[in-house]
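Engineer: One letter stands for each residue in the lines below.
There are 2 protein chains.
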Amino acid sequence: MYTTPAGGVAGVSGGRLSEVGGGRGRLLDRIVEMLDGAGSVVITTHANADGDGAGSAAALAAFLRARGTEAWIVNPTPFPEPFAFLLPDPRWAVPAASEEAARRCREADLAVVVDTAELPRIGRVKSLIRDLPKVVIDHHPEGKRPIGGVVLRDLEACAAGALVFELIDRAGGPWSPDIARALYIAVLTDTGGFRFTNTNPECLRVAARLVELGAVPEELYRAAYGRFQPHRFELLRESLATLTVHESGRIAWITVPKEAYDRLGATVDDLEGFVDVPRSVAGVEVAILFRTTSDGRIKVSLRSLPPVDVHVIAVELGGGGHMRAAAAVVKGPLEAAVQRVVGRVGEELR
Amino acid sequence: MYTTPAGGVAGVSGGRLSEVGGGRGRLLDRIVEMLDGAGSVVITTHANADGDGAGSAAALAAFLRARGTEAWIVNPTPFPEPFAFLLPDPRWAVPAASEEAARRCREADLAVVVDTAELPRIGRVKSLIRDLPKVVIDHHPEGKRPIGGVVLRDLEACAAGALVFELIDRAGGPWSPDIARALYIAVLTDTGGFRFTNTNPECLRVAARLVELGAVPEELYRAAYGRFQPHRFELLRESLATLTVHESGRIAWITVPKEAYDRLGATVDDLEGFVDVPRSVAGVEVAILFRTTSDGRIKVSLRSLPPVDVHVIAVELGGGGHMRAAAAVVKGPLEAAVQRVVGRVGEELR
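Those protein sequence lines, which keep their order, are chains R and H.
Be aware that the first sequence starts at 1, since it is given in the working numbering, and climbs by one per residue.
Be aware that the second sequence starts at 351, since it is given in the working numbering, and climbs by one per residue.
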């Protein structure tokens, strides 16, 4: 039987791969012990899992199973289709609303939460894992309603996947191409293809190791960014017509026309890369993507160049994220939202 | 005075950063000696230098100057404007047709050629450096008319810049952010942003070191790929309307409307990334970009997934390139060229 470790939250910030040892090494060892002590583990991540959440969860599941531990992924929203290829068996991911999910969680000895530390972000999974001891592996600020448990947090890590890499490395594997591939997707997508400000030396070294362990960069790049349906480009075409550069030249944005989005049967996956359009206009420091959600509100995605902090803006708007990549959902109508957000960004640039 | 080393060609293939030593180590040491023995060095690369040629040349010049050696870049075509920021002083690059270039070459003790080993590719610089001892640092096949000299060649290197990194590392520096930045551009652009098949572990480790030495990934990514003017997106928008997927689902192409290209005052730099549109359609194995040149002919850019070889097709059409990325210029009109090229690609896929 699994015994809950005595300790509470044990956060570590700013450590480096090359400096593992000391407090961080002990924390990693403790998490490995918790994993090894569990007969069955439930893994989860935030709603609308991205490549980091999905890749980190898939890698952990493959690692635990290779180590002889039962492992199930129970996410608040379905495992993202573009990353389903990371699951050697699709049944590893169990729909949170299913009877099976309830059973897996009841039978589990431990819950591992990756890529978020905030209760609201794991939605309905919150109640499913309420009574389980928890490990959190994350690279975001803690937030106001932390999940708690034993926490491996490093705000400097490029991705939660880089921390999962560190954990598996500390545990001595076993490694497999499946694990390497899943973690490469995590690191690749959370750095936007090794180009965001979180692309640090550790991140590139982790990627190098993952390639040695069986990740194939071109194949995974295409998997992450190169599997669009033609209608995605029609949506891009219609959205490009909305590209606007602020008179200062420092803010640019595009809007996804809701009519086109609905007509084309688009999904959020089709919007991958749209924010790169305003972002790649020469001189732009803050790029914004606006889209109308199904309930008529406006999803605002913000990207910035150093030193501009868009996280503070997103938080003000009721959202969250990182300093250079953040998002929020605000009230419509669209025109009012654009005016409000662009105005607020303008103040930040002053 | 500089003494020409006795030896001739000393090629090394397939070595790895982690295995430097032995024959490769001695070769590197010998090149360092040649550089140190020279009072003045002329550096050159192939015509229409790309990021690898420009970055490798700029890095070598900065390294040599920091070591107290005079160094000048004399390229067969002007130093590329998008990478001019890599030169701490624009006067380091001397136009090949100038009297100054002739003088610099006369006064030099050594010529270093990067990113090509073929005489025809250095154009008019060939005669300028004819009588100088030469070092060649390259990652391409030797070709039919080799430049000769002392050759550091590694076909597995992701970029010539990765070999320049190895050389400077072997020499013990001195490093500077200028050198790191130039080599990062070399590695970044020759791997298409760490996504082509040449993205190997060594490449990612070199990138990690360069970031530690002062290269800033986001800044350099933006310098290489993210400095578009808004009109580029209008051109993209109008080109997207031409996206066509072959009924087989395996070939896709877009065409750049000449009328829009001219009306918007576009340049070839604006077309960066256009071929990624058909390339990123799910299921596509060969992507093609067609555009009408100023003389009314049709430039055809081909990209393929393994195992499809588009180089053979480009050669048939009178062009060249690599197995997965090749190009040719063919006769118009556009519709006939599209039909002919798509038909030929279809045969290749059979």
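Worth flagging that the hints you see were computed from the coordinates, not collected in a lab.
It cannot be assumed that every hint is accurate.
[Said to hold, decoys possible] Just the calculated beta-carbon pair ranges, DEER-fashion:
id, chain 1, residue 1, chain 2, residue 2, range
1, R, Pro-307, H, Lys-494, 31 to 41 angstroms
2, H, Glu-450, R, Glu-335, 55 to 65 angstroms
3, R, Gly-68, H, Arg-380, 52 to 62 angstroms
4, R, Gly-68, H, Glu-666, 41 to 51 angstroms
[To be verified] Residues of chain R placed beyond 12 angstroms of chain H at every Cβ, according to the derived structure:
id, residue
5, Glu-99
6, Arg-195
7, Glu-202
8, Arg-209
9, Gly-226
10, Arg-227
11, Arg-232
12, Glu-259
13, Val-268
14, Gln-339
[Claimed, not checked] Listing some non-contacts, in silico: residues in chain R with all C-beta distances to chain H over 10 angstroms:
id, residue
15, Pro-133
16, Arg-170
17, Leu-204
Every residue gets a Cβ at the ideal spot worked out from N, C-alpha and C, and that includes glycine.
Engineer: Work down the list of hints and note, for each, if the structure agrees.
Structural biologist: Against the structure, the hints come out as follows:
A C-beta distance of roughly 52 angstroms is found between Pro-307(R) and Lys-494(H), which places it outside the suggested range of 31 to 41 angstroms. For Glu-450(H) paired with Glu-335(R), a C-beta distance near 58 angstroms keeps the hint of 55 to 65 angstroms intact. Between Gly-68(R) and Arg-380(H) the beta carbons are some 54 angstroms apart, a value that agrees with the proposed interval 52 to 62 angstroms. Separation of Gly-68(R) from Glu-666(H) is about 56 angstroms and departs from the stated range, judged on CB atoms against 41 to 51 angstroms.
Chain H leaves Glu-99(R) outside its interface by the beta-carbon criterion, the shortest separation being 34 angstroms against a cut-off of 12 angstroms. Under the 12 angstroms C-beta cut-off, the non-interface status given to Arg-195(R) relative to chain H is violated; the minimum distance is some 4 angstroms. The beta carbon of Glu-202(R) sits about 8 angstroms from the closest Cβ of chain H, which is not more than 12 angstroms, so the claim that it is off the interface is violated. The Cβ of Arg-209(R) does not lie farther than 12 angstroms from every Cβ of chain H; its closest approach is about 7 angstroms, which violates its non-interface assignment.
Residue placement check: Gly-226(R) does not keep its beta carbon more than 12 angstroms from all beta carbons of chain H (closest about 4 angstroms). Non-interface call for Arg-227(R) relative to chain H: violated, since the shortest CB-CB distance, roughly 4 angstroms, does not exceed 12 angstroms. With a least CB separation of 9 angstroms from chain H, Arg-232(R) falls inside the 12 angstroms interface cut-off, contrary to its annotation. Taking the minimum C-beta to C-beta distance to chain H, about 17 angstroms, the non-interface status of Glu-259(R) holds against the 12 angstroms cut.
The non-interface label for Val-268(R) is consistent with chain H: the shortest C-beta to C-beta separation is roughly 17 angstroms, beyond 12 angstroms. Every beta carbon of chain H lies more than 12 angstroms from that of Gln-339(R), the smallest distance being close to 20 angstroms; the non-interface claim holds. Residue-level check passed: Pro-133(R) sits 36 angstroms from the nearest beta carbon of chain H, beyond 10 angstroms. At roughly 20 angstroms, the least C-beta separation between Arg-170(R) and chain H is larger than 10 angstroms, which holds for a residue marked as non-interface.
Remark: the non-interface label on Leu-204(R) conflicts with the geometry, its nearest Cβ contact in chain H lying 4 angstroms away (cut-off 10 angstroms).
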